[in-house]
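Number of protein chains: 2
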Amino acid sequence: MSALEFQVVAEDGAARLGRLQTSRGAIDTPAFMPVGTAATVKAMTPDAVATTGAQVILANTYHLMLRPGAERVAKLGGLHTFMNWPGPILTDSGGFQVMSLAQLRKITESGVVFQSHVDGSRHELTPERSMEIQHLLGADITMAFDECTPFPADKDEVARSMHLSMRWAERSKSAYRERPGHGLFGIVQGGVHTDLRTESAAALTGLGFDGYAVGGLAVGEGQEAMFRVLDRTVPLLPGPRPRYLMGVGKPDDLLGAVARGIDMFDCVLPTRSGRTSQAFTRGGAINLRNARHAGDPRPLDAECACPACTGYGRAYLHHLVRTGEILASILLTWHNLHYYQDLMRDMRGAIAEGTFAAFADGFATRQADGDIEIN
Amino acid sequence: MSALEFQVVAEDGAARLGRLQTSRGAIDTPAFMPVGTAATVKAMTPDAVATTGAQVILANTYHLMLRPGAERVAKLGGLHTFMNWPGPILTDSGGFQVMSLAQLRKITESGVVFQSHVDGSRHELTPERSMEIQHLLGADITMAFDECTPFPADKDEVARSMHLSMRWAERSKSAYRERPGHGLFGIVQGGVHTDLRTESAAALTGLGFDGYAVGGLAVGEGQEAMFRVLDRTVPLLPGPRPRYLMGVGKPDDLLGAVARGIDMFDCVLPTRSGRTSQAFTRGGAINLRNARHAGDPRPLDAECACPACTGYGRAYLHHLVRTGEILASILLTWHNLHYYQDLMRDMRGAIAEGTFAAFADGFATRQADGDIEIN
Numbered sequence: 255m256s257a258l259e260f261q262v263v264a265e266d267g268a269a270r271l272g273r274l275q276t277s278r279g280a281i282d283t284p285a286f287m288p289v290g291t292a293a294t295v296k297a298m299t300p301d302a303v304a305t306t307g308a309q310v311i312l313a314n315t316y317h318l319m320l321r322p323g324a325e326r327v328a329k330l331g332g333l334h335t336f337m338n339w340p341g342p343i344l345t346d347s348g349g350f351q352v353m354s355l356a357q358l359r360k361i362t363e364s365g366v367v368f369q370s371h372v373d374g375s376r377h378e379l380t381p382e383r384s385m386e387i388q389h390l391l392g393a394d395i396t397m398a399f400d401e402c403t404p405f406p407a408d409k410d411e412v413a414r415s416m417h418l419s420m421r422w423a424e425r426s427k428s429a430y431r432e433r434p435g436h437g438l439f440g441i442v443q444g445g446v447h448t449d450l451r452t453e454s455a456a457a458l459t460g461l462g463f464d465g466y467a468v469g470g471l472a473v474g475e476g477q478e479a480m481f482r483v484l485d486r487t488v489p490l491l492p493g494p495r496p497r498y499l500m501g502v503g504k505p506d507d508l509l510g511a512v513a514r515g516i517d518m519f520d521c522v523l524p525t526r527s528g529r530t531s532q533a534f535t536r537g538g539a540i541n542l543r544n545a546r547h548a549g550d551p552r553p554l555d556a557e558c559a560c561p562a563c564t565g566y567g568r569a570y571l572h573h574l575v576r577t578g579e580i581l582a583s584i585l586l587t588w589h590n591l592h593y594y595q596d597l598m599r600d601m602r603g604a605i606a607e608g609t610f611a612a613f614a615d616g617f618a619t620r621q622a623d624g625d626i627e628i629n
Numbered sequence: 255m256s257a258l259e260f261q262v263v264a265e266d267g268a269a270r271l272g273r274l275q276t277s278r279g280a281i282d283t284p285a286f287m288p289v290g291t292a293a294t295v296k297a298m299t300p301d302a303v304a305t306t307g308a309q310v311i312l313a314n315t316y317h318l319m320l321r322p323g324a325e326r327v328a329k330l331g332g333l334h335t336f337m338n339w340p341g342p343i344l345t346d347s348g349g350f351q352v353m354s355l356a357q358l359r360k361i362t363e364s365g366v367v368f369q370s371h372v373d374g375s376r377h378e379l380t381p382e383r384s385m386e387i388q389h390l391l392g393a394d395i396t397m398a399f400d401e402c403t404p405f406p407a408d409k410d411e412v413a414r415s416m417h418l419s420m421r422w423a424e425r426s427k428s429a430y431r432e433r434p435g436h437g438l439f440g441i442v443q444g445g446v447h448t449d450l451r452t453e454s455a456a457a458l459t460g461l462g463f464d465g466y467a468v469g470g471l472a473v474g475e476g477q478e479a480m481f482r483v484l485d486r487t488v489p490l491l492p493g494p495r496p497r498y499l500m501g502v503g504k505p506d507d508l509l510g511a512v513a514r515g516i517d518m519f520d521c522v523l524p525t526r527s528g529r530t531s532q533a534f535t536r537g538g539a540i541n542l543r544n545a546r547h548a549g550d551p552r553p554l555d556a557e558c559a560c561p562a563c564t565g566y567g568r569a570y571l572h573h574l575v576r577t578g579e580i581l582a583s584i585l586l587t588w589h590n591l592h593y594y595q596d597l598m599r600d601m602r603g604a605i606a607e608g609t610f611a612a613f614a615d616g617f618a619t620r621q622a623d624g625d626i627e628i629n
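Residue numbers (our numbering), protein chains in the order written: chain A, 255 to 629; chain B, 255 to 629.
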């Protein structure tokens, strides 16, 4: 087995149907990865996550290095054993969250020194330590260590940050230990500046990675700017390798990104929304806290096969939300993840049939029945 | 089908192995009923509850009459459909919780007027309204409406309260609508006073019920006093009818009560403990928050077949507790309910084999490895 086999099975415009083969199983792309920040996809058992159709999950290096600690996870058999998820796991590098969550950060050429948001303890992340942590966790897909560029920022600052991330990408690659069925992804940076994105993509493809991520988007630049960056950046990434848009997004973000050639996504939106009474449906997003659902016997989404939709009416889910029951979080998270996986499956089907553009158009027109905008 | 068929299959001393046949399925006794207060066994899907071996659950009239309202539940198809639990449901009468939770209570011969603890709205519960609510919910086993006697209280006060409950029991029976496979249970009151208990049992057996509950215990009188009441009260209850000890209890409470002829139990202890990091094990109770579990790869209980024990080590459960993850509540509740159902199953097996006393002795000696007392 090569480092990480990837086969593009079909193409429809720029959209790709693919299959990524890891040592822990195959990932059909376009793929959505549920987020399991602290070694748990919140409010879900791993079995439940698998029933939604998810084939790979994401875990966060920053959270796990602080609690319970990478060395402890390794001693307990690695992340897959620890959290009882036998499938592939992608770990982020810690770069994004050390900037968004940690305190008293000091960035140098070497890396980032910071204080834990949990207990104030002092830690350091460098490209080398990030690789070591991801190895200790047992990641199937490892992300290069990068700096999270603030948004908005002067172009000079974005350039400086991107150049640092490219030097860290090179150090990440040197520190990464290759194993069959495992891979290391580089991360294209450069903010909304397409010339910087071009420079970053060239630097990474020059180094050579098993996959390429587009980072630093969905940070406030808006969907139009994000799509403009993808329009210019994705064509610069090697066709035979998987492309991953980090931290994205809403259903129409996914549709637009797949249309531009993205293969992989992760986002907390379906899980976080599920814990705040919000549900994605084929008719649009709804908030179950709304009193209009109190007497409604209909399922959340009549076309969905998840336990929330096959077992309960909206009135019951409303009741669970109003009474603050944990089962509200369980069922709505389950549904939202199921919805996202159905969306990916339907996109894959449309690409296979060469009808992706029509599918994306039809999706948008069906969203009219929602009562909220999920952000 | 008679109102509620009950067969005593075997006896071992005063302990009984039995089977209670409802229109929604059989209940093997001694049985433990998980508590589904607000139409959900907290942190569990109904499927998960069923996997623990539970054959019947309890739901609370007081909570459901306030939210979402009995008429609303009836309009939505009844409690079984509403909460997606196809098995038998026992509903309490609201009498206990209106006294422990509601505000500004006024008790008259007619019933109790009170303000909701949720929104301050005014409500009334009478024997007739309690029966109506339990019918609207669709209870398989309905409890007579009674007054919850305060503890401690003067004997005169206990007697007054018990006499009121007996008059309410008669009105409950008059208002109860008999249906095949459904039943109405009377509730023996009288506090720790065995002469009052005797009088109450005589009043109820004179009226005739489908089953007999012992109420007003586990309210602070202590296990010794509780067992003394059972020693004197249970023999007064009709042998061919099921006997239910309400709101009890800890594992050794269940063992002692089964030894005295009790057939059914309910208690929030396994579910509430599961949400507060406490787990019952065959070696005793432990608190997963304790730092000594942080690096322990062993399962909670090596003899348990629940998902928490077969999928995870104590170190992972400790991690979930420390990070405040919902999955901690899910897995520990699942385990605790599984533990309780295993205990009931093992008690039934011991009664069938005529070895109940030895089983109870052996149980006590194995509890030495616990690190906490769960109350």
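Because the hints were derived from the structure by calculation, they are not lab data. Hints should not be assumed to be uniformly reliable.
Each pair may be met inside one copy or between any two copies, as identical chains are not told apart.
With a straight-line cut-off of 20 angstroms between C-alpha atoms, the simulated SDA-like cross-links for lysine to any residue are [to be verified]:
{"hint": "1", "residue 1": "K296", "residue 2": "A413"}
{"hint": "2", "residue 1": "K504", "residue 2": "G307"}
{"hint": "3", "residue 1": "K329", "residue 2": "G603"}
{"hint": "4", "residue 1": "K329", "residue 2": "A545"}
{"hint": "5", "residue 1": "K329", "residue 2": "V446"}
{"hint": "6", "residue 1": "K296", "residue 2": "R529"}
{"hint": "7", "residue 1": "K329", "residue 2": "R425"}
{"hint": "8", "residue 1": "K296", "residue 2": "T530"}
{"hint": "9", "residue 1": "K296", "residue 2": "E579"}
{"hint": "10", "residue 1": "K329", "residue 2": "G565"}
{"hint": "11", "residue 1": "K329", "residue 2": "R552"}
{"hint": "12", "residue 1": "K296", "residue 2": "S428"}
{"hint": "13", "residue 1": "K360", "residue 2": "R529"}
{"hint": "14", "residue 1": "K409", "residue 2": "E475"}
{"hint": "15", "residue 1": "K409", "residue 2": "S428"}
{"hint": "16", "residue 1": "K427", "residue 2": "L390"}
{"hint": "17", "residue 1": "K296", "residue 2": "I580"}
{"hint": "18", "residue 1": "K504", "residue 2": "G332"}
{"hint": "19", "residue 1": "K329", "residue 2": "T609"}
{"hint": "20", "residue 1": "K409", "residue 2": "P494"}
{"hint": "21", "residue 1": "K329", "residue 2": "R546"}
{"hint": "22", "residue 1": "K296", "residue 2": "G578"}
{"hint": "23", "residue 1": "K329", "residue 2": "G549"}
A quick note: this is a predicted structure, and the numbers were derived from the prediction, not measured.
**Asked** Given identical chains, is K329 near A545, meaning Cα to Cα at most 20 angstroms, within a copy, between copies, both, or neither?
**Response** Between. Shortest inter-copy distance 17 angstroms satisfies the 20 angstroms Cα cut-off; intra-copy 49 angstroms does not.
**Asked** When no copy is named, should K329 and R552 be tagged within, between, both, or neither for a Cα gap of at most 20 angstroms?
**Response** Between copies only: 13 angstroms across, 48 angstroms inside.
**Item:** Intra/inter-copy verdict for K296 and T530 if alpha-carbon distance must be at most 20 angstroms
**Value:** Both. Shortest intra-copy (12 angstroms) and inter-copy (17 angstroms) distances satisfy the 20 angstroms Cα cut-off.
**Request:** Go through the copies and call it for K329 and R425: within, between, both or neither, with a Cα cutoff of 20 angstroms.
**Result:** Neither: 26 angstroms inside a copy, 65 angstroms across copies.
**Request:** Indicate which option fits the pair K329, G549 if close means a Cα-Cα distance not exceeding 20 angstroms: within, between, both or neither.
**Result:** For K329 and G549, only the inter-copy Cα distance (8 angstroms) is at most 20 angstroms; the intra-copy one is 51 angstroms.
**Prompt:** Under a CA distance limit of 20 angstroms, which applies to K409 and E475: within one copy, between copies, both, or neither?
**Reply:** within (14 angstroms within a copy, 74 angstroms between copies)
**Asked** For the identical chains here, do K409 and P494 meet the 20 angstroms Cα criterion within one copy, between copies, both, or neither?
**Response** Neither, since 31 angstroms and 85 angstroms both go past 20 angstroms.
**Identical-chain pair category, K329 with V446, by Cα at 20 angstroms** = neither (42 angstroms within a copy, 54 angstroms between copies)
**Message:** Within, between, both or neither: how does the pair K409, S428 come out at a Cα-Cα threshold of 20 angstroms?
**Reply:** neither (29 angstroms within a copy, 82 angstroms between copies)
**Request:** Tell me, please, which holds for K329 and R546 at an alpha-carbon limit of 20 angstroms: within, between, both or neither?
**Result:** Result: close only across copies, 16 angstroms inter versus 51 angstroms intra.
**Message:** Within, between, both or neither: how does the pair K329, G565 come out at a Cα-Cα threshold of 20 angstroms?
**Reply:** Between copies, since 17 angstroms is at most 20 angstroms while 41 angstroms is not.
**Prompt:** How do K296 and R529 come out at 20 angstroms by Cα distance, when the copy is not named: within, between, both, or neither?
**Reply:** both (9 angstroms within a copy, 15 angstroms between copies)
When held up to the earlier numbered hints, the structure conflicts with 1, 3, 5, 7, 12, 13, 15, 18, 19, 20 and fits the remainder.
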